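Peer 1: Taken in order, these protein sequences are the chains called A and B.
One point on numbering: in this note's numbering, the residue at position 127 of the first sequence is 119, and numbering is uninterrupted.
One point on numbering: in this note's numbering, the residue at position 37 of the second sequence is 29, and numbering is uninterrupted.
Mixed in with the good hints there might be a few duds.
[Unchecked claim] In silico DSSO-like links for lysine-lysine, alpha-carbon gap of 30 Å or less:
(1) 137/A with 100/A
(2) 73/B with 98/B
(3) 158/A with 137/A
(4) 158/A with 158/B
(5) 73/B with 112/B
(6) 112/B with 158/A
(7) 100/B with 73/B
(8) 84/A with 137/A
(9) 158/B with 112/A
To be clear, the hints were calculated from the coordinates, so they are not data collected in a lab.
Treat the numbers as computed from the prediction; the structure is a model and nothing was measured.
Letter by letter, the chains look like this.
Protein chains: 2
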Amino acid sequence: MSETASKKRSEKLGDKNDLRIKAIENGTVIDHITPGQALTVLNILRVSESFTNTVSVVMNAGGSRGDKDVVKIEGRELTEKEVDAISLISPKATVNIIRDFEVVQKRKINKPDTVCGIVKCINPNCITNSSEPIETRFIVTDDEKVKSLVLRCVFCESVMTEDLIKYIE
Amino acid sequence: MSETASKKRSEKLGDKNDLRIKAIENGTVIDHITPGQALTVLNILRVSESFTNTVSVVMNAGGSRGDKDVVKIEGRELTEKEVDAISLISPKATVNIIRDFEVVQKRKINKPDTVCGIVKCINPNCITNSSEPIETRFIVTDDEKVKSLVLRCVFCESVMTEDLIKYIE
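This is chain A alone, in the form it adopts within the complex:
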């Protein structure tokens, strides 16, 4: 089998169910997602029923580093904003960009120093929750004690640490 044919070969997904899905030609593989967070990643990427490209998801896969989720999405490369949003819910994820069946970029997600326009402020009286056209902005820090990211709103100083998922816009 030629190199190209090998790359293009279908992959067996099912056990006795003969589902075969093509390898990604162009797109993104998000690997090492925190177990259970794959559906949140799909939400961040706005993948819904109207999305027509192939998407594969494995939740709670047994990888070499223990359980993880994986999302493969055809025909999409992620924006910086999307990567930042994923970092908030899945700080150990890696993002691999695929072009012409090759991994052209493989990178770990880094905790961003600030996140803008991604998370809604928990404070209903924050100016970002008013009718003013002001984008949210948070300073991101780690909190060793709670083993979680801490977001501090630059406008109202509100601190958010738990349930960040609920506030991702």
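With chain A's structure known, arrange chain B on it following the hints.
Peer 2: Chain B only, in chain A's frame:
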């Protein structure tokens, strides 16, 4: 490789990403889901971030019958109510029960004659939307003109045909 080892062998999912997921030992494969509806199926099965078994999803897979979604879920067999709910959004789906790595049952989903406790009535004044402990019940028919299922509430005669997904409880 022995038969058992063959059954138990891992499967390659990724292209150059070496994700391997185990074959399902016990669980359910829902195949031939209407393209895009896999996430609704996960909702129906209450699969969320707290679910700890392995779940694999492919959306818009190119199968022999054209595009379809597939959901594989470890350690779960579906209730009749869950199968009925799936039938409303994906009438061509098949449900395969896996036990000890074998497909022990493979069946097409049939349109149910009635659905009870699955869909919320569209009529806010329906008795099923009051504080009375009355389970919803709809007569299900096909409508050739709109090529869609039609649900008629047995209590208030309201007819529902579009956006059934929104009303699945």
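Peer 1: If you draw a straight line from the CA of residue 158/B to the CA of residue 112/A, is it 30 Å or shorter?
Peer 2: holds (25 Å)
Peer 1: Are the Cα atoms of residue 100/B and residue 73/B separated by 30 Å or less?
Peer 2: holds (15 Å)
Peer 1: Hint check: residue 73/B vs residue 112/B, CA-CA at most 30 Å. Holds or violated?
Peer 2: holds (14 Å)
Peer 1: Are the Cα positions of residue 137/A and residue 100/A separated by 30 Å at most?
Peer 2: holds (24 Å)
Peer 1: Can the restraint linking residue 84/A and residue 137/A be considered satisfied, given a maximum Cα separation of 30 Å?
Peer 2: Between residue 84/A and residue 137/A the Cα gap is close to 18 Å, so the pair holds against 30 Å.
Peer 1: Starting from residue 112/B, check that the Cα of residue 158/A is at most 30 Å away, please.
Peer 2: holds (25 Å)
Peer 1: Keeping to a limit of 30 Å between CA atoms, is the pair of residue 158/A and residue 137/A held or broken?
Peer 2: Measuring from Cα to Cα gives roughly 22 Å; hence the hint holds.
Peer 1: Run the distance test for residue 158/A versus residue 158/B: straight-line Cα separation, threshold 30 Å.
Peer 2: Given that 30 Å is the threshold and the Cα spacing comes to 20 Å, the pair holds.
Peer 1: Is the straight-line distance between the alpha-carbon of residue 73/B and that of residue 98/B 30 Å or less?
Peer 2: The given pair, whose Cα atoms are some 17 Å apart, holds under the 30 Å limit.
The earlier numbered hints are all upheld by this structure, with none contradicted.
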